[in-house]
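> Use these hints to put chains B and C onto chain A, whose structure you have.
Chains as they are written, first to last, in this note's numbering: chain A, 1 to 119; chain B, 1001 to 1113; chain C, 2001 to 2408.
Just so you know, the hints here were simulated from the structure itself, not pulled from any lab data. Some hints here could point you the wrong way.
As the list claims (entries may be wrong) - Each computed DSS-like pair below joins lysine-lysine, with the alpha-carbon atoms no more than 30 Å apart:
| # | chain 1 | residue 1 | chain 2 | residue 2 |
| --- | --- | --- | --- | --- |
| 1 | B | LYS1002 | A | LYS17 |
| 2 | B | LYS1014 | A | LYS29 |
| 3 | B | LYS1014 | A | LYS111 |
| 4 | A | LYS114 | B | LYS1040 |
| 5 | C | LYS2205 | C | LYS2307 |
| 6 | A | LYS111 | B | LYS1002 |
| 7 | C | LYS2356 | A | LYS29 |
| 8 | C | LYS2069 | C | LYS2165 |
| 9 | A | LYS95 | C | LYS2356 |
What the hints assert, rightly or not - Far from chain A by the CB rule (all over 10 Å, computed), these chain B residues:
| # | residue |
| --- | --- |
| 10 | MET1001 |
| 11 | ASP1032 |
| 12 | GLY1035 |
| 13 | ASP1036 |
| 14 | ASN1039 |
| 15 | LYS1040 |
| 16 | GLY1041 |
| 17 | LEU1043 |
| 18 | ASP1084 |
| 19 | ARG1108 |
Quick reminder that beta carbons are idealized off the backbone N, C-alpha and C, glycines included.
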Amino acid sequence: MSMDEYVLIFRHEDGQKVASPEQMQIWMKQTMDWIGGIAAQNKFVSGTGLPFDGAKVVGHNGVVTNGPFGDIKETIGGLITVRAESVDEAVEFAKGCPVLQGEGNTVEVRKVAKNDGTH
Amino acid sequence: MKDYLLIFRADFSKMLNSSEEEKKAMTQKYMDWIGDIANKGNLANQGNRLAPTGRIVSTGNLVTDGPFTETKEFIGGYSMIKADSYEQAVAVTEGCPVFILNGKVEIREVMTI
Amino acid sequence: MHNQDIIPHLFRTEFRKIVAVLCKAFGIENVNMAEDIASETFLSALETWPYKGIPENPQAWLYTVAKNKAKNLLARNSLFADKIQHGVKISVPENDEIEIDLSPQNITDSQLQMLFAVCHPLLSTEAQIALALRILCGFGIDEIANAFLSNKETINKRLFRAKEKLRTANIKLEFPPESEVSQRLQPVLTTLYLLFNEGYYSESKDTILRNDMCLEAMRLTRMLIDNKQTSIPQVNALLALMCFHSSRFKARKGANGEIILYQDQDETLWNTELIANGIFYLNRASVGNTISRYHLEAGIAYWHTMKEDTEEKWENILQLFNQLLMISYSPVAALNRTYALAKVRGNEIAIIEAEKLNLTNNRFYFTLLGELYTPIDKNKAKQNLLRALAICTTQPDRQTIQQKIDKL
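So that you can see chain A by itself, here it is in the shape it has in the complex (with noise of 0.2 Å):
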């Protein structure tokens, strides 16, 4: 079986939120299981966390803004890569993602581009 890879981006509706110590810790955990659930079938390739805190963006001229807050109000939260075998497996990866139980937060699934140019 042919497998892709595909990024699950965390897109929270709200950047800004402050979570309590204990929340932090009980979503930590549950997005750990998550995770090790997907690595269990063998099919976790690499994830990174993104703290909200101190985020910068750089636009053409070199104009440099605090936080990721621009156009689109949602800041990503982090990312994980994992191989599977159809778009539609990576969307029942995505729909497990803790992210999705804070209302209007959203995970954006994209397959990963091979070196065919379209960038």
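Okay, now just chains B and C, sitting in the frame of chain A:
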């Protein structure tokens, strides 16, 4: 040194309609830029380019087709770099080809999962 | 020690030292010659000691004899070279005054350098383990064959090819430069880890041999720890892991060689001294900011040394397995993670996750499902255990599964 994720955002719809040569030239520009970072010992992981199609899963397991390339801040890919500070990370983005598309580079400090 | 035991004992401890030092002097490409000299040395001991008595310092006697044999061979070799120009087969240094240094320091250094050479990334893992067992641990060919459930011919061929590779790849006996130590240690640690597992999980019936392999893996790992340059956190974590695992060596196999699962083990058979050592090395491993698979596996093994089931224990084990699977997938880890998940979040959730694992050629997969279904659905439990039975190959384990079916 810390790891920083660079997320390339732009309206990539123009790119999709460009010729093979233009696409190739753009890829070459990206390779030159990233190669330069690697030469300086600042590349942690080349990262990925993302295909323009995909799905969005929302609360309640609602699945929609997308994402939409004409969005100005559409994510085209990402790379991971090493830098001592945000300031140094900002300096690394200089010359990134995404600026040619009038795009942006979002710089995010990485937390190991 | 009885007189008849002393030569086999010395063989086990001294053979490898003599071989390492001779290879250091003559180059690893002459490993066969080094082994021949070491073997002949022990042959001389066997021929003379029964009649003349065991020398006062048997170790020193062996070193002297080995040294003389090496010098004689060198002399013969140069004579041979003089007579038949360019026909030299063994290319040893020309200098007749070659120093064969059998000081403790040189013995240790030579063995460590040998460890790096044998675990060179150019050699296959299989070849690395066979070479390690032969050259670094002094195991006999038939012992190695027994451990791999193979035959002497196969092992001889494997060793021959591995030695050829050492020679053609021009691998030197030397310490890697400091900047490369961590990188070069990776294949060394993999080989030591596999060597330990080979002993721990081998289906060979020879318990003493299996135990010896584990002890040898631990001895070599400890050598790396005793050397300041190589005592990095990962190495300490690996030794901690080995200590924790071997603490259960006596408890994990029954009288008929059947595996006794963790939850059924008699913990009074667990070795508390090894557990204490494991904790010591795990603490030493907990510096720096790299978490290796050995850290995670040692952490999991640590929590397993607590027999009592607490929520804290299984939550920690689950999180460690989550992390382990993220950096290094294995079916065993996937199954154990699912077991931990059942302990923390209940069987229903664990069954859903288990059925996604797709390990349908693994008997432990079906025994796990059998166990998870037991309190929920006896029929499904039985179906799964029967599937496990159908693909199980060893008699003692078949009995264990059959007992579980009968209990339902």
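> Look at each hint and say if it fits the structure.
Results of checking the hints against the structure:
1. A distance of roughly 25 Å separates the Cα atoms of LYS1002/B and LYS17/A; the hinted pair therefore holds under the 30 Å criterion.
2. With a CA separation close to 41 Å, the supplied pair LYS1014/B and LYS29/A exceeds the 30 Å bound.
3. Pair hint LYS1014/B plus LYS111/A holds up; C-alpha atoms about 20 Å apart against a cutoff of 30 Å.
4. With a CA separation close to 26 Å, the supplied pair LYS114/A and LYS1040/B stays within the 30 Å bound.
5. With a C-alpha separation of about 27 Å, the suggested pair LYS2205/C and LYS2307/C falls inside the 30 Å cut-off, and the hint holds.
6. About 27 Å separates the Cα atoms of LYS111/A and LYS1002/B, which keeps this hinted pair within 30 Å; it holds.
7. Note on LYS2356/C and LYS29/A: the hinted pairing holds, with a Cα-Cα distance of about 20 Å set against a maximum of 30 Å.
8. About 26 Å separates the Cα atoms of LYS2069/C and LYS2165/C, which keeps this hinted pair within 30 Å; it holds.
9. Using a Cα cut-off of 30 Å, the hinted pair LYS95/A and LYS2356/C holds, with the two alpha carbons roughly 15 Å apart.
10. At roughly 16 Å from the closest C-beta of chain A, the C-beta of MET1001/B stays outside 10 Å, upholding its exclusion from the interface.
11. With a closest Cβ-Cβ approach of about 13 Å to chain A, ASP1032/B is found to remain outside the 10 Å limit, as its non-interface label requires.
12. Look at GLY1035/B: its CB is around 15 Å from the nearest CB on chain A, clear of 10 Å, so calling it non-interface holds up.
13. A cut-off of 10 Å between C-beta atoms confirms that ASP1036/B is not in contact with chain A; the least separation is 16 Å.
14. Separation of ASN1039/B from chain A is adequate, the least Cβ-Cβ distance of about 20 Å exceeding the 10 Å criterion.
15. The claim that LYS1040/B is not at the interface with chain A holds, since no C-beta of that chain comes within 10 Å of its own (minimum 18 Å).
16. For GLY1041/B, the shortest C-beta to C-beta distance to chain A comes to about 20 Å, beyond the 10 Å cut-off, and the non-interface label holds.
17. For LEU1043/B, the condition that its CB be more than 10 Å from all CB atoms of chain A holds, with the nearest at approximately 15 Å.
18. With a least beta-carbon separation of about 14 Å from chain A, ASP1084/B lies farther than 10 Å from that chain, consistent with its non-interface assignment.
19. With a least CB separation of 4 Å from chain A, ARG1108/B falls inside the 10 Å interface cut-off, contrary to its annotation.
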